[in-house]
Amino acid sequence: MLHNFMLGASIAFTPMSLLFILFGVLWGILGGALPGITGSIAMALLLPLTYNMAPSVALMMLAGVYIGAMYGSSITAILIRTPGAPASAATVLDGYELHKQGKSGVALGISLYTGTIGGLFSVVVLIALAVPLANFALAFGPPEYFGLTIFGLAIISSLAGKSMVKGLISGVVGLILATVGMDPFSGIPRFTYGSEELLGGIDLIAAMIGLFAVSEVFIQASEKGSWAKVDEAFASKLPSWAELKSTLRATMLGTIIGTVVGIMPGAGGTIGGFIAYNEGKRWSKTPEKFGKGSLEGVAAPESANNAVTGGAMVPLLAFGIPGSNAAAIMLGALMLQGLRPGPMLFQNNPDIVYSLFVGMIVGNIFMLVTGYLFIKPCIKIVNISKPILMASIMALVTVGCYAINNNINDVWIALILGVFGYLMRKYDFSPSAMVLAMILGFMVETSLRRSLVISYGNISCFYTRPIALVLIVLALITLIFPIVRSIREGRKGTRNTGPAA
Amino acid sequence: MKWSNIIIGVILVIFSAFYYYSTSEYPPPSKTENLGPAFFPTLLAATLAFLAILLIVNSIIFRGASGKDKGGAVIQGAERLEEDSFGAEEISYTFLFGTIGLSFLYVGLISILGFLISTPLFLIILIRLLGYEKWTNNLAASIGLTAALYLLFATALGVSLPAGIFFS
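Protein chains in written order, with the numbering used here: chain H, -4 to 496; chain V, 196 to 363.
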């Protein structure tokens, strides 16, 4: 263990790695601050560049983007009441109030400091959980992996959309897209319709760039209004020690909530931020201040959304199951290099896993150091007009997708899925669920078929192996519980309104 | 009744039928592998058709009422924001179709005109189309960005960007 950490540190503390982590953090803060550009979009835009990097460096840089973006989104949330990413939506409530009261610097400082605390704590939890979980998962066979992927997909799809049916449809369509290409068992081409290009399947990186980044550009471009200009001259006085100490309780709550929410597949910074805000208010000594410029009202969601970063890496590293867009992109970066996260990665490439642990700690410290200084340059870029930014992202996407395989077809895939993602979001379907299902699709099918191969076609392997059984039952509960609840609530609803009508 | 949901549901049912039909030529399961290449897709086609019909039925039965199948106001509020950046802003279809159309045109022309010609053209026209009126800034940004992308991808990363018919 200690040996592995030394190995990780020796990779993370090279000038090249440090430089890329720093770049990642700054890119993340900027992407986070830009309205509409979330951390995962900022990460997706960098994906094509990781092709030539060592996998460990690529992962550390992407983790840096993820970390930086969680803080960056609070900058515009506080200064112009527009959260740069939904993860800071709850921060707007008190952050913007503080800005109006002339305490912009205090609010930004609280966001930065509590975010760093949340982020660092979550990395510690990540290390404490991922290593034993990965050891545990070493014993998993195909039936367990089938249960695990089905359970993950069930949670993701049922949480993702505004309606559960639409979330599930998004997931199934993702699974369908994953079946395109060569059949892993018999080797025959499936759903390629004669196209040579599709034999290798739909390129995942291009699909993620299309569904996350291109669809967002279409949405932003179609909206007539432009972003509010950020005033560069804001009160820059930082929070005092006493002010920071006053947020201790909210920060602790936010940190724990964020870490737990991060571990859950399908939930992310946005949900974490809102729950933390509510709990922060409930447990606060001065709940009446919430909504009127409470420091705790900034500390709770901002520590939570940064704490999500470490939590989200737990299922990704331990089981190879991404639970969020950001984790999906990290997985994409690994797959680009021919690697797959999961327990075997700990065995075969401990350097990658442990350098990521160290890199995430470094990333949080870089954020703490540069976060405040970087606000001004960030504002300058946010103030560049929206048309120029959107056009630039489109050009970057085109070149980036082309660069993955030197192939124009990947650009077409990104564009077509961009339009598809736009329509999905317009009609309340979930591109995230679709991407995660696309990633897990291969694993779901191969683990199912492999299970039956090793059990000679006997399906008892799914209910005689306790872990597989538990996971499959959990998946079924996840799918059935909301339906039962909605029926019960429906009945209650009619009973309540009955007499009145 | 939400017509959009019904139309989407019908499209999905047709799609799942087509997807299922595509599996008809696949070889049957082998002796060692008893599910075969068609099993999983068939399962998916059936699931999708079932969910699509559920979507249609839901839209017909629950007129007007939507999204009632979930609890927790906080989670709902959060989810609305998670993926939904459709704000209260008015949507301009000129901007939308202009951006989509230009992007497709750009990708189509990049192999013919080459990266160095099509990219600045694409940027200049899209930036103007989206309502930015200062030509000098537009030109500077478009040419500057093209140069930056070229330096990053072609020079630093060694990607051979399409040269086009004029340079090859």
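These are calculated hints, taken from the structure and not from any lab test. A couple of the hints might just be wrong.
[As the list claims (entries may be wrong)] Think about it this way: if two alpha-carbon atoms lie no more than 27 angstroms apart in a straight line, the pair counts; the simulated BS3-like pairs of lysine-lysine are:
#1 Lys226/V to Lys219/H
#2 Lys157/H to Lys197/V
#3 Lys375/H to Lys329/V
#4 Lys95/H to Lys232/H
Exercise. Does Lys197/V lie within 27 angstroms of Lys157/H when you go C-alpha to C-alpha?
Worked result: holds, 15 angstroms
Exercise. Straight-line Cα separation of Lys375/H and Lys329/V no greater than 27 angstroms?
Worked result: Distance ~18 angstroms between Lys375/H and Lys329/V Cα, so the pair holds.
Exercise. Does the structure keep Lys226/V and Lys219/H at a Cα separation of 27 angstroms or less?
Worked result: Roughly 61 angstroms separates the two Cα atoms, so the pair is violated.
Exercise. Keeping to a limit of 27 angstroms between CA atoms, is the pair of Lys95/H and Lys232/H held or broken?
Worked result: holds, 14 angstroms
Checked against the numbered hints above, the structure violates only hint 1.
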